[in-house]
Amino acid sequence: MDTLLPVASGSAAGPLTADELRELYSLMVAVRHLDTSAIAWQRQGIIPGYAPELGQEAAQVGSGYAVDTTRDFVFPTYREMGVARTMGVDMVAYMSTHKATWHGGLYNPLESRLAPIQAVVAGSVLHAVGWAHGQTLDGKDGVALTYFGDGASSQGDVHEAMNFAAVMKAPVVFFVQNNGWAISVPTERQVAGGSVAARAAGYGMPALKIDGDDVAAVLEATRRAFAHARSGNGPVLIEAMTYRRGPHSTSDDPGRYRSLDEERDGAGTDPIERLRQRLQADGIADETFFAGALAAAKAEEEQIRTGIQALGSRPGTEMFDLVFQETTPALQAQAANWREESEHV
Amino acid sequence: MSNSILEGTNAAGESTADDTVATPAGSEPATTVMSMQQALNRALDEVLADNPKAVIFGEDCGRLGGVFRITDGLQAKHGAQRVFDTPLAESGILGMSVGLAMAGFHPIPEVQFDGFAYPAINQIVCQIARMNYRSRGTLPMPVTLRVPSFGGIRAPEHHGESLEALFAHVPGLKVVSPSNPHEAYHLLKYAATRPDPVIFMEPKSRYWQKGEVDTARHDAGGGSPTGAKVMREGRHLTLVAWGAMVARCLQVAELAAEDGIDIEVLDLRWLKPIDAEALAASVRRTRRAVVVHEAPLTSGLGAEVAQLITQSCFDTLRAPVERVTGFDVPYPSGDLEDEYIPNIDRILFGIQRVLEYKRG
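Residue numbers (numbering that gives the first Met the number 0), protein chains in the order written: chain A, 0 to 344; chain B, 0 to 359.
Chain A with its partners taken away, still in its complex shape (with noise of 0.2 Å):
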């Protein structure tokens, strides 16, 4: 781990016990059958359309273990389906949004704690910081986690972020997942200097740049830094440089801005297979338990897949019935002629 500048170590940033390294492992399997599935979903016709993680498991899986749902709070983009469930998100709810049932997804943001998802690049990274700020004027504990890109990095509003959060000290963890890839342009054409966490320096922010591929370094990593926004010390950024394996999207074609030697090269070992590796020399986990792992992830995707089947269209009306919390005469009036003119009624 290469700490740019020192993060104060709290209580929380203890060794990880065998039990919180067989979760990971489960929950690793898991998020890669139900990512790896859900190409296949689109493929068949069951989703429009998915943004993979593949390869992002670890960065996820670890940073959102991190997460206390009793207090904090977390603002992902569209690709954290690892961190949702993770943070044990009602995953056919989440997974939804890819169904075009519902922008945000069905979830409950509130009680998930886990804010909708986002499809503006950086656009959510503020959200966090306003919501941060509001712990501190309640005198409240609770820290916001909020996710971006490499790609977002370049966003003007990720700048406004960190000043914001820097100079109020509001609690706030900003983790990049550095996945050298923002759609076909690279990290290199990307980020100026090659760091987003050298930038952290700038606001007077510690920073851990981090193998965003050690599911353990980047548990280890998110608890220091969750301690030290909590003690009230300010904001914290962590980039975790990781590989986007896959494509952008079920819409993108890597082939054309990466060859498969490019890729195996940028990729190195599977974060899930590195884990593995890790458990089965530390003798906590044997043949037995990675097939238990894997046979749990099946019987949870098959569940999840029947979930998104059986689920029907929104009614219509919730296009008036949810722009307001107070409506409009004029949406009131839209809503009637659409009735009146809809056949779907």
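Because the hints were derived from the structure by calculation, they are not lab data. Since this is a predicted model, take the numbers as computed values, not measurements. Ideal placement from N, C-alpha and C gives every residue a C-beta, glycine not left out. Hints may be right or wrong, so weigh each one.
[Unchecked claim] Below, computed lysine-lysine pairings styled on DSBU-like, alpha-carbon distance capped at 30 Å: (1) B/K188 / B/K209; (2) A/K139 / B/K209; (3) B/K76 / A/K139; (4) A/K168 / B/K209; (5) A/K168 / B/K52.
[What the hints assert, rightly or not] Derived list of chain A stretches under chain B, where covered just means 3 residues or more per stretch with a C-beta under 8 Å from a C-beta of chain B: (6) 55–69; (7) 124–131; (8) 136–147; (9) 154–164; (10) 217–225.
With chain A's structure known, arrange chain B on it following the hints.
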């Protein structure tokens, strides 16, 4: 109608009569005379006192009290946690509003000048306006965004813009603009207690005009705070306006009255949702309408108003609805401001075109 109604204005087209502010139709004598700046300040003071989750923030809103002093004294009275300065970045201000609203606060951010809402447009349009929808009603956005708006103060570029049509076009936003201190006090108190995002467009050229404010009640007739308001009754033609143009239309009505032309002035107040019933009720009686706004003509809110009137009053209209507006040009420098903003002469010409309209 003769050109004689143009008499009574000076060369600049401004009225030679007093720049009076109308009192609400039918109200009893007002309790306090104050400027719009004072009325807005008092409204915010009361909102902070009434709602412990209300927070005011923006550029220079704290110690300075805002460049227009609308938040003057509020930080000293309510504390630096309730009224605070942010770094100078509009997207940051509006983006953090989303998070504060998600955390249960009622953010009342300020964008210092209209033209600086543009750097925040993604957060306003893609985030604030849609979060209630995206979250299926679980994350309401009770954000009251105060925007000192419109022109008329000889300010630098980007300090005199009229963004109402842009905001009104965005699903999920509501838009309101007060025309006088009484309206400013009540509409801000109303807007800042709503569960939905409201863009509150303050006519900066009217900040220092005084008027009577009856803090006890908004509309003497018990009208809806979400509706339009007849500021002057008339029989021959309805002038529809909002913000700073309401006072100007009232001046025009006084001048026209000298020629026996009885003008009704309708303060639209809410630019979204527009009170279509009030438009219909007024124009059904007067059968003629002119809509006046500072924003450029093309795709301005006047087009929406004209369509609503045409829809409801087509059979009774004596002439097409006329628009007297700014031009399709970038808002000009102070020297040309009076050429751009609808002045009394141009409004009177618009009235004349409608009154002299012949079918066929």
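Results of checking the hints against the structure:
{"no.": "1", "hint": "B/K188 / B/K209", "in the structure": "holds, 19 Å"}
{"no.": "2", "hint": "A/K139 / B/K209", "in the structure": "violated, 43 Å"}
{"no.": "3", "hint": "B/K76 / A/K139", "in the structure": "holds, 23 Å"}
{"no.": "4", "hint": "A/K168 / B/K209", "in the structure": "violated, 42 Å"}
{"no.": "5", "hint": "A/K168 / B/K52", "in the structure": "holds, 20 Å"}
{"no.": "6", "hint": "55–69", "in the structure": "violated (count 0)"}
{"no.": "7", "hint": "124–131", "in the structure": "holds (count 8)"}
{"no.": "8", "hint": "136–147", "in the structure": "holds (count 3)"}
{"no.": "9", "hint": "154–164", "in the structure": "holds (count 6)"}
{"no.": "10", "hint": "217–225", "in the structure": "violated (count 0)"}
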